[in-house]
Amino acid sequence: VEEAALALSVFDAVLGLTLVGFAAVLLNTGDRFEAIVLFIVFGLLMALTWGRLDAVDIAIAEAAIGAGLTGAMLLNAHSHLQSPRGGTAGRVAEGEGSDHRSGRARAALIPLALAVGAVPAWALHTASGDAGLREPVLRHLAESGVENPVTAVLMSFRAYDTLLEMAILLCGATAVWALRLPLSLPPRTGPGPVLQTAVRVLVPITVLVAGYLLWLGAHAPGGAFQAGAVLAGAGVLWLLAESRLPRRGGRLALRLGLSAGVLLFAAVGLTTVALGEPFLTYRGERAHALILTIEIAATLAIGLALVALFSGHSPDADRRESP
Amino acid sequence: VTPSLFYGLVAAATFGLGLHGVLAARHFLRKILALNVMGSSVFLAFVAVAARGPAGPDPVPQAMVLTGIVVTVAVTGVALGLARRRFADSGETSLPEDRGVKDG
Chain A
1 VEEAALALSV FDAVLGLTLV GFAAVLLNTG DRFEAIVLFI VFGLLMALTW
51 GRLDAVDIAI AEAAIGAGLT GAMLLNAHSH LQSPRGGTAG RVAEGEGSDH
101 RSGRARAALI PLALAVGAVP AWALHTASGD AGLREPVLRH LAESGVENPV
151 TAVLMSFRAY DTLLEMAILL CGATAVWALR LPLSLPPRTG PGPVLQTAVR
201 VLVPITVLVA GYLLWLGAHA PGGAFQAGAV LAGAGVLWLL AESRLPRRGG
251 RLALRLGLSA GVLLFAAVGL TTVALGEPFL TYRGERAHAL ILTIEIAATL
301 AIGLALVALF SGHSPDADRR ESP
Chain B
1001 VTPSLFYGLV AAATFGLGLH GVLAARHFLR KILALNVMGS SVFLAFVAVA
1051 ARGPAGPDPV PQAMVLTGIV VTVAVTGVAL GLARRRFADS GETSLPEDRG
1101 VKDG
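Protein chains in written order, with the working numbering: chain A, 1 to 323; chain B, 1001 to 1104.
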């Protein structure tokens, strides 16, 4: 195991200690906004770590989702949890002075955190040098229809996981819509010409990058998750610049797009059953085309669901709230 | 010490920090941030274990982490939505239980 590529370097030591340091500071800093910004930097450092650990697929997803979209969602929520609106807001409840518990309570929690943190440390230290499932995956890679082993696992060998993940995203978007949050889009006059022009240039390029990542996923790091996340970035930017919800005609299209991933995935699964194979089993020649079709629908659904989670509004919100 | 073990220990330390953060925080945003730090540390442990073999990384844990990242962002979105709903209804940014208020 002592190969050059696997030797611990100064880079590792600095990166690892920086990760721990950032986590400690972002969780304990006095300012909430600062904590969110530090979290975004923490996400980018994680992306760097994935690259170091030969997980480029995850690095792309982390940079786009973990740091990018989660950061945007946190900043959006931060502004809404701060500006008091309406009669009841602004009331400070009893004992709600601090964001954290009292110093004594926090100190009492330290031994618990140490004890729980020691369990995975001990488990990893004593773990065997088992090579895991790399060999079986590579042995059957040709059957999957794609050449990137991670995409093969996601779209073929463990397609169930991905189907259920699409369902979770749909549930999440539906749950946020059901919360009926107060309307919060910035006023129509908000964005200036700079943002409008930037969006006009950036959105087409971002969509192009998403398409490229989607196509690339078959044989190199990339795929539906990364493409969907990049697409969602374009969607969020568009939402901020246009600041209006889809028109009536777009609402059905939006709902169809949101559920496209689950519907198409399930339809393919049921088709394989009708053809006499187990659920979601596709091999050989038609596998590549099927995976690409599912991934296109999944990219669209992931992108739309992430934008829906960011905005927090169902497209019917303006109809409900308009005076 | 191999990089796999080293990053595994980093993951364990970050997990402990995140757990402390979830329990010590009152404000919704702080709790959600800490939950995300915990999640990242679990992913780091998975990928560290996947990087153990000399031949190359194990794609199965990597695929599971990719799924996990997307699930985490969905959970974060719903949690932030619930926090905003709570704030709009009551003006509160934490739960009465966390403030030590009885019969909130």
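Just so you know, the hints here were simulated from the structure itself, not pulled from any lab data.
None of the values given here were measured: they were computed from a predicted structure.
Incorrect hints may have been included.
[As the list claims (entries may be wrong)] Label pairs and their calculated CB-CB ranges:
(1) A:Ala253 - B:Pro1054: 34 to 42 angstroms
(2) B:Pro1096 - A:Gly284: 20 to 28 angstroms
(3) A:Leu8 - B:Leu1082: 19 to 27 angstroms
[Said to hold, decoys possible] Far from chain B, some chain A residues (derived; all Cβ distances over 10 angstroms):
(4) Ala35
(5) Asp54
(6) Arg101
(7) Ala173
(8) Ala175
(9) Val176
(10) Leu195
(11) Val236
(12) Ser259
(13) Ala266
(14) Val268
(15) Leu270
(16) Thr271
(17) Asp316
Where is the CB? At the ideal position from N, CA and C, for every residue including glycine.
Each hint tested on the structure:
The hinted range of 34 to 42 angstroms is not satisfied by Ala253 of chain A and Pro1054 of chain B, whose Cβ atoms lie roughly 50 angstroms apart. Taking 20 to 28 angstroms as the suggested C-beta distance range, the pair Pro1096 of chain B and Gly284 of chain A does not conform, at roughly 59 angstroms. Evaluation of the 19 to 27 angstroms hint for Leu8 of chain A and Leu1082 of chain B yields a failure: the beta carbon distance comes to about 42 angstroms. The claim that Ala35 of chain A is not at the interface with chain B is violated, since a C-beta of that chain comes within 10 angstroms of its own (minimum 6 angstroms).
A Cβ of chain B approaches the Cβ of Asp54 of chain A within 10 angstroms, the least distance being about 4 angstroms, so the stated non-interface status is violated. Distance check on Arg101 of chain A: its Cβ comes as close as 5 angstroms (rounded) to a Cβ of chain B, failing to clear the 10 angstroms threshold; non-interface status is violated. The Cβ of Ala173 of chain A does not lie farther than 10 angstroms from every Cβ of chain B; its closest approach is about 8 angstroms, which violates its non-interface assignment. Not every C-beta of chain B lies more than 10 angstroms from that of Ala175 of chain A, the closest at about 5 angstroms, which undercuts listing it as non-interface.
Consistency note on Val176 of chain A: stated as away from chain B, yet its beta-carbon is not over 10 angstroms from all of that chain's, at 4 angstroms minimum. With a least CB separation of 23 angstroms from chain B, Leu195 of chain A remains clear of the 10 angstroms interface cut-off, as annotated. Once the 10 angstroms rule is applied to beta carbons, Val236 of chain A is consistent with being away from chain B; the minimum gap is 12 angstroms. The beta carbon of Ser259 of chain A sits about 15 angstroms from the closest Cβ of chain B, which is more than 10 angstroms, so the claim that it is off the interface holds.
In this structure Ala266 of chain A is separated from chain B by more than 10 angstroms, as the shortest Cβ-Cβ distance comes to about 17 angstroms. For Val268 of chain A, the shortest C-beta to C-beta distance to chain B comes to about 18 angstroms, beyond the 10 angstroms cut-off, and the non-interface label holds. Separation of Leu270 of chain A from chain B is adequate, the least Cβ-Cβ distance of about 22 angstroms exceeding the 10 angstroms criterion. A cut-off of 10 angstroms between C-beta atoms confirms that Thr271 of chain A is not in contact with chain B; the least separation is 23 angstroms.
The beta carbon of Asp316 of chain A sits about 16 angstroms from the closest Cβ of chain B, which is more than 10 angstroms, so the claim that it is off the interface holds.
Of the hints listed earlier, those the structure fails to meet are numbers 1, 2, 3, 4, 5, 6, 7, 8 and 9, in rising order.
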